[in-house]
Amino acid sequence: MNEEVVKVKNLSRDFGNFRAVDNISFAVKTTEIFGFLGPNGAGKTTTINILCTLLLPTSGEATVNGFNVVTSPDEVRKSIGIIFQDPSLDERLTAYENLNFHGMIYHIPRKTRKERMKEVLDMVGLYSKKDSIVRTFSGGMRRRLEIARGLMHHPKILFLDEPTIGLDPQTRQYIWDYLLNLSKEEGITMFLTTHYMDEAEICQRVAIIDYGKIIALDSPRQLKNEFSLGSLNEVFLRLTNHGIREEKASFKEHLGHLVRSRRLR
Amino acid sequence: MDFDAIRMIWLRDLIRHFRDRTRLLGSISRPILWLLIMGTGLRAVFNVHGISYTHFIFPGIIAMNLIFAAMQSTISIIWDREFGFLREILVAPIPRTSIVLGKTLSGSTVAFIEGLFVLAFAPFIKISIPLPHLFLLLPLMFFVAFVCTSLGIAIAARMTSFEGFGVISNFVIMPMFFLSGAMFPIDNLPYFINIAVRLNPLTYGVDFLRRFTLGIKVFPLYIDFLCLTTFALVMLSIGVFEFNKRT
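In order, the protein sequence lines correspond to chains A and B. Each residue of the first sequence is one higher than the one before, counting from 1 in the working numbering. Each residue of the second sequence is one higher than the one before, counting from 1001 in the working numbering.
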């Protein structure tokens, strides 16, 4: 199978006069685990937001599961599942209610919904906690619940925006084992961003994006060979080596309009 | 129209509302404060067209609880944006009209229930509403709640901060309330205030409620209905427009 489920062609996105995504093109193949790497503010989240129909591109074209993200957003929305960078659970509801409501808005019939909820809760090991309010959950548990929720409606493509950020090594390991298994068993295509290069090594292919442009796109092994470096981490630093950077304020403000992110106080 | 989505949004907001007990306190303390203290205190001074002041403001206080609760419940939109849940809804395959309608219905339901708290005071201040009027009053209260919520939605859909919403809603709620004829009769006002009163949608809501609680009115029924419906439609369109944006 070599079908391309995500196709991006000459995609750009401006925020005022700041170009967050600059003329990028790439394709993700069916059942592939595709890593999207880059420093903070490089344009990763903007790209994901365009692909999952939250943002409009300034120019260029993108299709997900064969549907154009601009002209058929509803079809795209039906095909994808998303784990956001910032938590998006309703903390005042129970785990069960969160999943149940998700099932409702994706039109899963009541009976199937019940079975599916049990299935995904078992998968992430939260079935015993199903009636607890999410506010009482730890960060790792919330992440697992979000993954369970993202999978409930059998998406073709799963977008994961830094899925393991802020989690302890055990939980990270657990989530990764689980995701790899999922990719193998259910053949779900995964598009993920991460800052952990050891995680990126797991991907079949990675794209490295910096200042809105894709500066490398290949399998981790090929990239290491190309630069004769031992790890993807070194490749990443070599390619994007210009010190620590600030995210552009204007860019953040614009994102803030769409979704105010919650940070630790 | 996506009824599953509307039901989900409605149900979720109601569950959240009733898990938060402190909000009940506000909705009960407001009528006590106004009706029993203000109303009783001013009764000695005012007497409107032969009706005691407490009776006169009764429908106004219902309207007050409706608009306060309606505005307060639309804060949930800002809350959802702040805490990420709005994204979960926005990436789901739901038409934006259904999101707005779901939110409006949940806000109206909450406001309607808080309006009922005021209505429950009727026997205590010796207002007796004939049964046929009561049957008309209840759906009308819901309708007025719906109109108030639609205003809240139109404001909240544009807002990104709680503070901003607080300022705007106070800036809107208080004048709307005072210029609605809730606290004083509107048939003998100076020119400019009269204009403001007639432009205020809540005026027609109060007129509605007063007709079916006390049997007095200012405008014909169809005028009330027309003004409120038009206003709600405009507000809902603004809401849908804002939700449709993918800036």
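Derived from the structure by calculation, the hints contain no laboratory data. In this text, a Cβ means the ideal position worked out from N, Cα and C, and glycines have one as well. There may be inaccurate statements among the hints.
As the list claims (entries may be wrong) - Anything over 12 Å on all C-beta distances counts as not near chain A; from chain B, calculated: (1) Ile-1015; (2) Trp-1079; (3) Phe-1083; (4) Phe-1085; (5) Leu-1090; (6) Ile-1099.
Said to hold, decoys possible - Across the chosen pairs, the derived CB separations fall in these ranges: (7) A:Gln-170 x B:Arg-1007: 31 to 41 Å; (8) A:Ala-27 x B:Phe-1241: 48 to 58 Å; (9) A:Thr-58 x B:Leu-1136: 46 to 56 Å; (10) B:Val-1234 x A:Ser-59: 29 to 39 Å; (11) B:Asp-1020 x A:Tyr-196: 46 to 56 Å; (12) A:His-195 x B:Ile-1168: 56 to 66 Å; (13) A:Gly-125 x B:Phe-1124: 25 to 35 Å; (14) A:Thr-30 x B:Phe-1241: 33 to 43 Å; (15) B:Ile-1037 x A:Asp-168: 49 to 59 Å; (16) A:Ala-27 x B:Leu-1138: 50 to 60 Å; (17) B:Leu-1136 x A:Tyr-127: 48 to 58 Å; (18) B:Ile-1216 x A:Thr-112: 35 to 45 Å; (19) A:Glu-115 x B:Arg-1246: 47 to 57 Å; (20) B:Pro-1130 x A:Thr-112: 41 to 51 Å.
Status of the hints after comparison with the structure:
{"no.": "1", "hint": "Ile-1015", "result": "violated (7 Å)"}
{"no.": "2", "hint": "Trp-1079", "result": "violated (10 Å)"}
{"no.": "3", "hint": "Phe-1083", "result": "violated (6 Å)"}
{"no.": "4", "hint": "Phe-1085", "result": "violated (5 Å)"}
{"no.": "5", "hint": "Leu-1090", "result": "violated (6 Å)"}
{"no.": "6", "hint": "Ile-1099", "result": "violated (10 Å)"}
{"no.": "7", "hint": "A:Gln-170 x B:Arg-1007: 31 to 41 Å", "result": "holds (39 Å)"}
{"no.": "8", "hint": "A:Ala-27 x B:Phe-1241: 48 to 58 Å", "result": "violated (34 Å)"}
{"no.": "9", "hint": "A:Thr-58 x B:Leu-1136: 46 to 56 Å", "result": "holds (53 Å)"}
{"no.": "10", "hint": "B:Val-1234 x A:Ser-59: 29 to 39 Å", "result": "holds (34 Å)"}
{"no.": "11", "hint": "B:Asp-1020 x A:Tyr-196: 46 to 56 Å", "result": "violated (38 Å)"}
{"no.": "12", "hint": "A:His-195 x B:Ile-1168: 56 to 66 Å", "result": "violated (39 Å)"}
{"no.": "13", "hint": "A:Gly-125 x B:Phe-1124: 25 to 35 Å", "result": "violated (55 Å)"}
{"no.": "14", "hint": "A:Thr-30 x B:Phe-1241: 33 to 43 Å", "result": "holds (37 Å)"}
{"no.": "15", "hint": "B:Ile-1037 x A:Asp-168: 49 to 59 Å", "result": "holds (56 Å)"}
{"no.": "16", "hint": "A:Ala-27 x B:Leu-1138: 50 to 60 Å", "result": "holds (58 Å)"}
{"no.": "17", "hint": "B:Leu-1136 x A:Tyr-127: 48 to 58 Å", "result": "holds (50 Å)"}
{"no.": "18", "hint": "B:Ile-1216 x A:Thr-112: 35 to 45 Å", "result": "violated (56 Å)"}
{"no.": "19", "hint": "A:Glu-115 x B:Arg-1246: 47 to 57 Å", "result": "violated (34 Å)"}
{"no.": "20", "hint": "B:Pro-1130 x A:Thr-112: 41 to 51 Å", "result": "holds (50 Å)"}
Consistency note: the structure conflicts with the earlier hints numbered 1, 2, 3, 4, 5, 6, 8, 11, 12, 13, 18, 19.
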